[in-house]
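Quick note, the sequences are listed as chains A and B, same order.
Mapped onto my numbering, the consecutive letters of the first sequence carry residue numbers 1 to 409.
Mapped onto my numbering, the consecutive letters of the second sequence carry residue numbers 410 to 813.
Read the hints as simulated data drawn from the structure, not as lab findings.
Among the hints, a few may not be true.
Per the computed footprint, the stretches of chain A lying under chain B, defined by three or more beta-carbons under 8 Å from a beta-carbon of chain B, are [said to hold, decoys possible]:
| hint | segment |
| --- | --- |
| 1 | 20–32 |
| 2 | 43–52 |
| 3 | 385–396 |
We put the beta carbon where it would ideally sit given N, CA and C, even for glycine.
So you can see what is in the structure, the chains are spelled out below.
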Amino acid sequence: MRVMFAVSDYLPHYFPMVPLGWALQAAGHEVRVVCAADQVSHVDSAGLTPVPILEDVDMLMWARIGHFAAARDGRVPADLDLPVVNPRTGEVLAGVEDFDLDGFMKTIRGPEAAKMGRRIDAMVDFAQRWSPDLVVYDLLHLDSVVPAKVTGVPAVCHLTGPVGTRETGYGLNFIPEHYSRAYDKHGVVERGTGLISHVIDICPASMAPPTDAVRLPVRYIPYNGPGSMPAWAARKPRRPRIAVMWSNTLSHLYGPGSFAVPAIVDALRDLDVEVVLTVNAEAAKTLGPLPQNVRLLEHCPVHLLLATADVLVHSGGAGATLTAVANGVPQLFVTFGAEYRANGRRLAATGAGLQVHGPGIDAETIRKSVLTLLEDPSYRDHAGRLRAELLDRPSPAALTGVLEELAAR
Amino acid sequence: MRVLFTSVDWTGHLYPMVPLGWALRAAGHEVRVLCSAGLAPAVNRTGLTPVPLLETSGVFQARMNNYLRARAGNHRTGLPPIHPVTGREMASLDEFDADTFTADAARLRQRWLRQRLGVLREVVNGWRPDLVVHDLSNVDGRVVAELADVPAVAHLWGLVADAEDDDRMDYRPEAIDASFGMFELRGRGAKVEYVIDPTPDSLEPPTRATRLRERFVPYNGTGSMAGWVLEARDRPRVCVVWGTSVTKVYGPRSFLVPRIVAALAGLPLDVVLAIDPGDVAGIGPLPENVRLLPRSPLHVLLRGCDAVVHNGAAGSAMTALAAGTPQLALSISDEQAGNGVRVARGGSGLQLSGPTSDLPEIRAAVQRLVEEPAFAAAAGRLAGENRGRPAPARLVGLLEKLAA
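Okay, chain A solo, but in the shape it has when bound (with noise of 0.2 Å):
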């Protein structure tokens, strides 16, 4: 059969995608990935096929709107702690009153509009073209549906992690409130939660997202990107190894205070373990001289050092938290934001990890939690029932005869 992939323009929301596709493709389909131009090289690089029609969207300049809107308005619940920042430039911002968000709307609402029906209009014309027999979207990217919808194929919904389709929570519900006139054009008059049959699964389901589509569960395969591991990090070490990864994109949502890996450092320098940092080279620069037992490692997909590591400290993101739970690894989060936290809360919940507010964290906070961790068995206890939980889930290759019947219905 042939399979339509459409992703968003934020990476990490579609990385899970990538050994499905490789299923498909190893089962003798062909995969096609609609994307924006601004994501070949990632789609490139994963084995699959970009198809570059659509013209890229600012993904980080819209979570800054939304923020920035929710926070004018008084909607941000106050436990999360979380600066205003500029949503054209990312700059933290004293309050909401130093900028004119209605100004700025008015200015790019417009063009965007535009760009957005013009994206749907690319896909349907790709649809019409190529004649898919399925449709496999980003979450983030709803308006998959429309081409699906309009060539009469079924369309499912690949989820990223914890977060589902059925959520109250602020910052957790990702289905947008506005929708482009293209819906209209095109005969599509679903909305919302409407617009969703089915979704992928590729949590344990003792953390399975909340929704009411028909849910598919698959085994998360770990896809973190490319790169190689050098021997040095194959060798598990004779002290615990801590391994601390951080997103590159936290900042750019709420400034240079979420980027807490200093003290992260700060907290493990006096400890008896080998702390690996996974950040790229230019955070790095910015962390100054580091302590003896800290080591950069760039270029290293996660997955593969979490093999020989015995803690995983991070920013939240749903690809380190899956990519943990895969490798049987105790985590502790370190949250900005109200997805992150999320995330952290519901894994934290199985007892497989932690989870610390982030906004004004301390190296101490941080120190005890890590050596929580190390000490008390249950963390990689339950995280080894997680683990198991994953690995009894059908995998991609079993989730691709069920794609099949889904399709030939």
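Chain B: place on chain A using the hints.
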């Protein structure tokens, strides 16, 4: 299970194994690809994980093998010989002193062997593979299987296998890798027991091993799907594809695209060049019916084409077979000639010796492929045979049993 793939330095040998690598990952197994640092970026782009510990040697080794064959009077390409180290054309074979070079190399051999075995042992002890899948022409996979005492499965990259009568088609490491004897394989690596064969049923090459039939799923490297592929066409479209590895081994005169362009200029055909932009400069201004396209994987392009012209490389031949596209091989090397001949026997293609064919011959061959329906019919039949073979996903269970 943990499956270690091993490949020689050519993407043409790596790519046919990639869909099986995906199949194993998709079934939840761990996969690593042992390769040279030179091949690691290509491995990365497939989505698989490279272990870049081998030395890059492919180009030198290929040139050296060609030189030795030329010295033995077996060199048939019609091109001047290429200096194994510098890559420049030689006016005479005497310009390279192979004997001194080989004597010097012998002193380094023991050191090389120790170092190589050290690398392979580190992989075995550190990662503990349960199974090895190796390109047929690669020796490292067989050494790893021997050191780890696990099964090894050879993967064909095209239309040649391990029991060829014609020694010009013998690409086993026993025949082409000077280091083979040094490993003294006696256990799991001593002989090839299993061969994964992705060729169409009618073209299966001879093997002494147990043949594991596989559907060829084309993977041709990176590139986007170009829009024109889906457009209706008002005249036949011919795609010209030319890999760059051949030029490195056989020299600049083996780049035949300018002659192909000249041969097809003015014909009532749409000709698309799917080649590296860096290579285009040498062609000069393009005729009206010839266009250069941005890089796109061959299997994606062929959907919008009626015939393909290539240099006989296995990847191009196999991709055209899977796509059901009639093909012309303008071959350079012995293997490429052999591929072209084998495809021609199946009825879906023609083969000419690239350097010695003239423009009218090339033109006539392409016209036949486009005008005579027998080629398309045979191509369709062979593509059907391919589709009837088990997809890589269906081999996973078999490999699990082997490794158990």
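### Query
What are the numbers of the hints that this structure violates, sorted from low to high?
The structure conflicts with no hint, since it agrees with every one listed earlier.
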